[in-house]
Amino acid sequence: MKKNYTDDITGIPAMSVAELSAALAKKEISAAEAAEAYLKRIHCADPDIGAYITVTEEAAMKTAAEIDKARMNGEKLPPLAGIPCGIKDNICTKGIKTTCASRTLENFIPPYNAHVCTKLGDERVTVLGKLNMDEYAMGSSTETSYFRKTKNPWNTERVPGGSSGGSAAAVAAGEAAFALGSDTGGSVRQPASFCGVVGIKPTYGRVSRYGLIAFASSLDQIGVLTRSVYDNALVLSSIAGYDKNDATSENVPDEDFTDGIDSGIKGLKIGVPDEFFGDGVADEVKTAVLNAAKKLESLGTELVRLSMPTLKYALPAYYVISGAEASSNLARFDGVRYGRRTDNYENITKLYSRSRSEGFGTEVKRRIMMGTFALSSGYYDAYYKKALSVRTLIINEYSSAFGKCDAILSPVAPTAAYKTGEKTDSPLEMYMGDIFTVPVNIAGIPAISVPCGKTAEGLPVGMQLAGRRFEEKILYRIGYAFEKGASL
Amino acid sequence: MNINDYECVIGLEVHVELKTETKIFCGCSTAFGAEPNTQCCPVCTGMPGTLPVLNKKVIEYAVKAGIATDCTIAKLSKEDRKNYFYPDLPKAYQISQFDLPLCAKGHIDIETPDGAKRIGITRIHIEEDAGKLIHDDKKGTLIDCNRCGVPLIEIVSEPDMRSASEALAYLKKLKSIMECAGVSDCRMNEGSLRCDVNLSVRKKGETALGTRTEMKNLNSFKFIQKAIEYEFRRQSEEVDKGGKIVQETRRYDQATGKTESMRSKENADDYRYFPDPDLPLIKLGDDEVKRIAGDIPELPNARKLRFMKVFGLAAYDAEMLISETSVAAFYEKAAVKTQYPKLLVNLIIGEILKLLPQDATEPDYKASPEQLAKIAEMLGNGEINSGTAKKVLHEVWENGAEPETYVSENNLAQINSEEILGRIVDEAVRADPKSVSDYKKGKTAAFKALMGKIMAKTSGRGNPEILTKLLEERLGRE
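Line by line, the protein sequences are chains W and B.
All residue numbers for the first sequence refer to the numbering used here, where the first residue is 1 and numbers rise by one.
All residue numbers for the second sequence refer to the numbering used here, where the first residue is 489 and numbers rise by one.
Just so you know, these hints were derived from the structure itself, not from any lab.
Fair warning: this is a prediction, and the values are worked out from it, not measured in the lab.
Beta carbons: idealized from backbone N, C-alpha and C, even for Gly.
The reader is advised that the hints may include incorrect statements.
The following label-pair restraints were derived from C-beta to C-beta distances [claimed, not checked]:
| # | chain 1 | residue 1 | chain 2 | residue 2 | range |
| --- | --- | --- | --- | --- | --- |
| 1 | W | 275 | B | 525 | 47 to 57 Å |
| 2 | B | 773 | W | 316 | 30 to 40 Å |
| 3 | B | 525 | W | 377 | 32 to 42 Å |
| 4 | W | 377 | B | 503 | 23 to 33 Å |
| 5 | W | 389 | B | 576 | 29 to 39 Å |
| 6 | B | 781 | W | 260 | 11 to 21 Å |
The calculated lysine to any residue pairs, modelled on SDA-like cross-linking and capped at a C-alpha distance of 20 Å, are [what the hints assert, rightly or not]:
| # | chain 1 | residue 1 | chain 2 | residue 2 |
| --- | --- | --- | --- | --- |
| 7 | W | 386 | B | 588 |
| 8 | W | 385 | B | 761 |
| 9 | B | 692 | B | 600 |
| 10 | B | 626 | W | 344 |
| 11 | W | 386 | B | 600 |
The shape of chain B in the complex, shown without the other chains (with noise of 0.2 Å):
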């Protein structure tokens, strides 16, 4: 089989914790990391006669979503219960929305190595989450409440993503957006974020979608950008063989990096979905909406533009500064002390965005903007060259050197000097004629070799730029 015969088809489910500050239905707090039942009350935990109650900002938050994904907003929209059992669910019914949801047919905007990509956005609606089951081996099964009616959003995409890391793509650019509207804090490793991926096959140049799994348990970008590609090779050696993909919701195994069936779509559930009686519709006039955009801070591609127009970056190296909100604003602290913008970039996408874990919460920067603008100054000033200015990145961001300091103390100032560096050149081609003869029957690699050595031979101070000019001029002579 080859893989290359095929594509993947792959939407997302994410849902997005509101950070309101009480829960949907009820004054409880939606605060993270309390005791277990400590914010619940009669309300969020269905007891008998308890009526739901809707927080207005909830709705408030939901419209600034979907604003900030270019959604339609419905005028009118209700409110649905969805009837299932689980534990974990203290009305054995879900408040949902279901043919009327808030907000339909957004997108979201990527960067992909072949440009621009836009992602379409089904629908967002409202709901409210259910509580935690924590399994104890000696007490059973436990439940937690709190989580009870804390508000989410569930943003559904077209299938429109063809790759990992497109998804990667889409859920970073949507984790960055639903930052800078205020809406939530998108913590994945805290729920606030959550991403179920729906994944199915085709072969190259088919329209028809094949039939689909649905993926859970993927709690960090590493395990969907695991699953999804060891789903689509599972699925595409099925169908290659001639076998059958079943409608099912698989469970991603974060020890073995597979996905496992969880349960067969067979006897899907018949969630009996009606209008909620106890809650009233959702209406909403022209106004409201406008006053609610109007609330909206500068969103992540307002950012990006801005970061072109004004830094006169490329929309790429815009997108990865803007795709997440900590990244932008950090460039944009040290880029307005530097004179050289442009190559603060290289130095964050580059560096700094492999120094910061992942899946941080909140990224620890052990730099500040005004050193790497130091850096970035140094640079461009032609004091050091770009290996040296990355070493001195390294030596801030794990030792806490200051910039300059660092440099001057450890003799690391640029070799400029054509007089010095041409010297250097002459011995490196005197002492290594193979290399030049190689060179002489067109291998480049023959160059690079040389090139390092006279690098080293400088201490990795020579100027790169002076140093090529001078190489190719004393090859050129042999």
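This is chain W alone, in the form it adopts within the complex (with noise of 0.2 Å):
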């Protein structure tokens, strides 16, 4: 039976992130209140959509109790304060099982935090809980994970996209405020489209990889997800900035990603590259995406066509290159020194290959068997190196559209979300689902998913606008003036 959760939210799950902190501010609302209301909505909705693989209930209330009592003695709290949200299970939170959906973690606990994770401890949020997702982030619609299927809250008989499915369907349905997930080749956007929600995957080096479990090392990045721009904005300002542990993070400053935001589009120029409209393009999409151009046209901005016939090289040069940085980042789950250890080994080699064999799932296979084939003796050139040729020619194709427009706008994904099991025996049309998210973290830029429409069965399409480095500012901008002049 399919059910909707999107349309039932009441109380405080449907107050934004901003509105949420004004009131917690003014004491209208108490930080218990606002996590008791979110616990209550995950134990009704999440049976069913499983958004959650890890619920901490108890952690959570501790944290709203201090921030009540902080508040109450007149403390200044920072303006996540008390907030409930939850975190993409790649995300290293310490003293939390941490499982990446994989029987290899299954039962994993880092004695440590991810950056990410310390900087919103500084913001006080409360943390509700850890989130569904693709195992190691391998796929497109959340249906590896090791635990259970995440169900897309528009339509629980389709995916939520993937991998971040579980943050996309948490925040769909009033589960979480806000959610972190992570994104190596359209894991927040296109979960972010599938559910109706915003997400963005920032310039590469502007949010802190550190204790971000390992998928594409020169590919992935935290991204953050919410129901508007402007949660978005704020919650992004909060996570983002450099980090002397992770060598990848750009030393940048910091900035607030609200200010501004309001200021309008007028003037900036939209590039609209004819390969994206193509024919593998879902003709609801199409419509929907270019109705929202239209739609920006109207408020202010200068259309431009665009031609980047390079871009469609990104997406087998992304899986040699996520393909082999992933066989060498998961080699470490050998079942030595933490995780799952196989119970049946006489020798290493066993204790290796069986604890492998019985903790990876198929997709995660598949890829680590990919990458080690482009890296081996003989292929490396052939593969990985032109992979890294390729990549330098989708940069630049990226840098000359630059020079005409100021963002880019494609569809994010070619359909809206499918059936659970429609894609799962054919891993190359799943992977033909990434070909507008995929060039964007193969160039390090920035990009975010807007809703922009509805199919006519109502599931949510939403349009992809992609930055120049470090320019997250105009795609908010952007995305905000949409918002404000939109209506779905």
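Could you use the hints to bring the two separately framed chains together as a complex?
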């Protein structure tokens, strides 16, 4: 039976982060009340939706109580204090099980925090729990999770997208005021699109990767999912920033992304690449995004037609690069020092092979094999080295395009959410779904997914806006203006 | 088979632990000897989500090592992942350098009996160390991660060495250079200096290289020497009877003195090297390299030239002295306290180098530079002869004697009186007519025999030069 968990959200879970923050500051609502409301919602909806792997009820109530006490004592608290949120389960939370939705880490409790979690801790948010995902972030539908599949809250017979499916579903269903996800090839933007929420993948190097369990080191970024563009900018401001423990973190000044978000978008140029509106895109998606383009034009932007022919090579380059890096990053899961070790081994070789064979799911194994092959002697030049050259072409293609416009518009995915099980037998078809999101990761630029329409069946469609490195503010301005100007 | 028909071709791969305070990619201590797993953290134990950040001091030390061996320092280099599974490797890859090493094309000069020889250095690169495996009969294999992430440089030589003694001379010189440059304490017994030997053989006169084997588990100079000698013989015999050398890694067995095959290289490991995406490129400007160069103290070659100039030493002798940092320091302290710095050389090279244990961590000098200087003074002034000088040194070293006191108490002063010595020579000649006639027939051994008897008669105190002169004259009158 298909259910919709997005039209029955009431009370505190229906408030935006900004609204809730204001109410908490004015003591109209207590942090305990906020936490309770969200936990109640989780108890009610999540047995069906399955967004959460771990719910940290006790810890959440404890945090909330401390915040309420501090506020009673007249302490001035950060804007996100007491805001209930969820964290994707590949982001290390100290003392809380972090599994990557994999059997290999089913009982792994990290003794350290990811940098972003330390920052959120400084903000004194209320962590509700850890969110479901595709195993090791490898997937586009949250169907490869070892624990369970997450359902799309708009229609529970459909996938929420992936790999941050739990994050997107939780936000869409009112089970979290905001959520952190991760995006390597579209894993924040595509589920945001499928679940009708806002999702951003920041510039590579904007947010620290320390504590994000690595899938593809040169592509991964932690992203934010929220119901509104303003909320998204608010949360990103608190997790972004240089981290000396991440050598790929860029030492750029801290930014408040809400600053100037409502300054309008007159005069901005929005590029529309021919290649992204061709035959492979479902008609309803094309229509929704092109209508959004018209809307943006009416809000004062200039549409610029682009041709970006090399972007089609991004997908194969992505699968080579991400597979290669993943094969190396996942080699540490060998059952020796932490994680699950097989019960049955006579020697070290069997310990390795059985722990990993028993621990990893099929998709993860597929990617590791592909990646190992791409790096192997005799094939390195033809695959990995070649993919790195393609990467340079993609970067140059975007550079050239950004000489003509300030943001590039495209669909997020070729379709809206498909049915559970529809693509699990055809990995290649599943991979093709990443075609619009992947070039962004390859180039290291920021991109946001903003809801822009619905299919006839009522399924959300998102539009993607990609920008120059470190120009998230422009993307937020466009998203904000669109949200305000559009009525869905 | 005649082993002299064959030539041994040797290259060394030396790993040197850099003595930075903290590890290469995290802030853990590098101190030796701590309780297992007390000097590690999520980064160096490869826990999920952790990331490496390069310790700048590691670059500085590695560049010093490169400058000290006349290498070209790369303006641009990178770090690569070397992927393989082993329980002492937490990330299942080692961060190393593959095709763009930090330093390249240097050399080390050694002294051989045939003169100075230049041994080429192909490259020096930085990498992280792995942990230690301890095999326990009851508990199984235990892993100590303290050593994971300790910074190493790998120094690869050209295959320019032709004997065990050349290999040892290179290694000793390398050790002394690294110690002087201040980049490592080079203790083989603590593992801060490790050496693998690549060896092949060929018929003398051939220019093509034979198939080489790699030898591991050589943790002392003695074992390196024995392993080279064994493997040279083994390969020569194999080639001589028409066999083929298998390219493989061989483990030196310290008990039997033999090398054994560890694994065949037929299924060679494919390390799937690729640039580590977690780390930026290493860029070094000329100014930076100059600054680091300016920070390097006096290196062995410079010290050798200074000893030759200031103390008038021969090249070979100076080379022997600077081969160990503590020996050079000891010599210098003693040399300024005597008028006879050259005499000190023989005492040190001939006696002290033999008295010091070869692989000692901190050589324990049982004589002071002052005491040695005193002995050199007495020798130079003719108060004692060289035989006595050796004896006194041993007494000082082994029994804590004081040189002057010991000489006077034991009546060891040299006899220089021609009158007294002449009488003894005369008596010895008259008492041994056979030796005299042998000498007349041209047998020089007879001279030595007579001299031996004469010396004994003087209780070892006779002045050797005067005695030689007197004996020659005396025999001339027969």
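Okay, the hints, checked on the actual structure:
1. W:275 / B:525: 47 to 57 Å: Distance hint for residue 275 (chain W), residue 525 (chain B) holds at roughly 54 Å.
2. B:773 / W:316: 30 to 40 Å: holds (38 Å)
3. B:525 / W:377: 32 to 42 Å: holds (35 Å)
4. W:377 / B:503: 23 to 33 Å: For residue 503 (chain B) against residue 377 (chain W), whose Cβ atoms are near 24 Å apart, the range 23 to 33 Å holds.
5. W:389 / B:576: 29 to 39 Å: holds (36 Å)
6. B:781 / W:260: 11 to 21 Å: 50 Å Cβ-Cβ, so the 11 to 21 Å window is violated.
7. W:386 / B:588: With a Cα-Cα distance of about 19 Å, the restraint between residue 386 (chain W) and residue 588 (chain B) holds, given a limit of 20 Å.
8. W:385 / B:761: Satisfied, since the Cα-Cα distance of roughly 11 Å is no more than 20 Å.
9. B:692 / B:600: holds (19 Å)
10. B:626 / W:344: holds (19 Å)
11. W:386 / B:600: With a Cα-Cα distance of about 50 Å, the restraint between residue 386 (chain W) and residue 600 (chain B) is violated, given a limit of 20 Å.
The structure shown violates the earlier hints numbered 6, 11.
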